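Trainee: As you go down the protein sequences, you meet chains D and Z in turn.
Mapping the first sequence onto my numbering, position 209 (from 1) lands on 209, and the numbers just tick up by one.
Mapping the second sequence onto my numbering, position 132 (from 1) lands on 132, and the numbers just tick up by one.
Just so you know, the hints here were simulated from the structure itself, not pulled from any lab data.
Everything numeric in this text was worked out from a predicted model, so none of it was measured.
Every residue, glycine too, gets a C-beta built ideally from N, C-alpha and C.
Mixed in with the good hints there might be a few duds.
Stated by the list, open to error - Chain D stretches covered by chain Z per the calculated footprint, using a threshold of three residues with CB under 8 angstroms from any CB of chain Z: (1) 33-47; (2) 101-109; (3) 142-155; (4) 159-172; (5) 179-185; (6) 191-202.
To be verified - Calculated pairs, DSBU-like style, for lysine-lysine (alpha carbon to alpha carbon, straight line, at most 30 angstroms): (7) Z/193 with D/136; (8) D/10 with D/193; (9) D/136 with D/146; (10) Z/146 with D/136; (11) Z/193 with Z/10; (12) D/10 with D/136; (13) Z/10 with D/193; (14) Z/146 with Z/10; (15) Z/193 with D/193; (16) Z/146 with Z/136; (17) Z/10 with D/146.
Protein chains: 2
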Amino acid sequence: MGANMARRLKDCGHPVTAVFDVRLEEAHRLAAELGCAAPATLPEVAAAADVILTVVSDDAAMRRIFLDEGGLLAGAAGRVFVNCATVNPGVHEEVAAACAARGCESLEACMASSITQARDGSLYLMVGGGEETFRKVEPVLRDLSKSLRHVGATGEAAKVKALVNMVMNINTAGLAEGLGLGVALGLDPTMLKEIFAQTGGNSRVLETDADDMLAREHECWFSAAHAAKDSGIANDLARAAGVRVPLSEATEAQYRRLVAAGRGELDKSAVAELTFPGRCED
Amino acid sequence: MGANMARRLKDCGHPVTAVFDVRLEEAHRLAAELGCAAPATLPEVAAAADVILTVVSDDAAMRRIFLDEGGLLAGAAGRVFVNCATVNPGVHEEVAAACAARGCESLEACMASSITQARDGSLYLMVGGGEETFRKVEPVLRDLSKSLRHVGATGEAAKVKALVNMVMNINTAGLAEGLGLGVALGLDPTMLKEIFAQTGGNSRVLETDADDMLAREHECWFSAAHAAKDSGIANDLARAAGVRVPLSEATEAQYRRLVAAGRGELDKSAVAELTFPGRCED
Chain D
1 MGANMARRLK DCGHPVTAVF DVRLEEAHRL AAELGCAAPA TLPEVAAAAD
51 VILTVVSDDA AMRRIFLDEG GLLAGAAGRV FVNCATVNPG VHEEVAAACA
101 ARGCESLEAC MASSITQARD GSLYLMVGGG EETFRKVEPV LRDLSKSLRH
151 VGATGEAAKV KALVNMVMNI NTAGLAEGLG LGVALGLDPT MLKEIFAQTG
201 GNSRVLETDA DDMLAREHEC WFSAAHAAKD SGIANDLARA AGVRVPLSEA
251 TEAQYRRLVA AGRGELDKSA VAELTFPGRC ED
Chain Z
1 MGANMARRLK DCGHPVTAVF DVRLEEAHRL AAELGCAAPA TLPEVAAAAD
51 VILTVVSDDA AMRRIFLDEG GLLAGAAGRV FVNCATVNPG VHEEVAAACA
101 ARGCESLEAC MASSITQARD GSLYLMVGGG EETFRKVEPV LRDLSKSLRH
151 VGATGEAAKV KALVNMVMNI NTAGLAEGLG LGVALGLDPT MLKEIFAQTG
201 GNSRVLETDA DDMLAREHEC WFSAAHAAKD SGIANDLARA AGVRVPLSEA
251 TEAQYRRLVA AGRGELDKSA VAELTFPGRC ED
């Protein structure tokens, strides 16, 4: 994801001065491609640019790169960090506070799209953080996005993103139940898919995931492990807010079953492996 | 529903000879409007027409009108029954067998649309039963439908219908969780709805139910009680087939909570009453 964002920004004429990855070899390969540096440490990354985009995998990684010793914030005064990972909204708030204390600024720019959209600059981006900070980096974000929206204060975009993925995951796990049961009942799944599309069963995930569920084509776009994590973020927010979300809890449990069965790196459509007859017996 | 189908058929020039309702007054009012009979007993209904359309509320009502003494089948030889209710596929099979034994024929014509579509002849109809029987009544069904599809043998259309409603109900209950949690988190629900529509959170029920959830506008199109019944049919099929459907079970449980709270006659969108802060404390 980060690599494609860097490629896109270079294509658009932005000076890409440095790239970083915990797998340093990956960073060196990309740096060679883009003609930029690949520093070995995070403070060097922050020193190399005015605007730093981060895309990490989870809450722990976000805290590590921002809050730990030897992280991005040593000598980062004046920088703007744009954080694209889907993490708990509270973590964005922690990071924003740490940035403010070090004289730098941060935004969350939550993406509701995937790797190909990063490459061609058509990401759907929801931004949380200060309006003034947003204006500073807006030209960079515009070149990454076909739909850019400043949602609100720090944490707000991450909340919206969690809710989008919560509903998307529910619809995906629900579709897997409908198609899986249909196959178990001996119905033609292609007919079933067509009828869902024409009726109250229609959804975005029907368009994106139904064929993959039928064909067991689970090359990863958005992993089952990420789906478990994102539904988990929403469910944590729900618990804290005292809202009952039994479907979202059932969805998280399904994705956690998939992860426990060693299938967490498959695409989220692989939740169908749990509902189609004769597939996954865990 | 049945009244609007009768009005539509009369508009299209079909001779509507008799109407029936357990609330006889309703039947008399409609009969006066259409200029037809309103017999007091079911055998008289069957005697009055070659093709009889039925729309009842549940399995028990279907069995009562077809299988009980004094039901439709006394002297019904040669008739074709077209049964439009959403009931268990097995009940359609029982009725078809009883019809065959009495020298008449039956079809299921499952509707994935509602009262207004019945009035203007734009129902989405999925038909299960014999091909030859289907051909006999196709001209009548064409005038009721903008999308008519012979799905397969007796019971098959009812299975497809159960799956459509199962997925629709999951998406509805899931949407209620996403919007309800968003409101609890202090997000602008209109903004949230717009973002869902543009991302992986989009669905047909977002188009049909989101505004009603926000406005608490639950005038009945498709009742919560019917949603509970239909998800229950799908869950019964899943149990019999050995397919695990945790989301559909959670959905049925939500609708049963709504029914238990005395809100079963509200529209299915009222499931939001269970997830929006400060609404329904059961």
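Trainee: What are the numbers of the hints that this structure violates, sorted from low to high?
Mentor: 1, 2, 8, 10, 11, 13, 17
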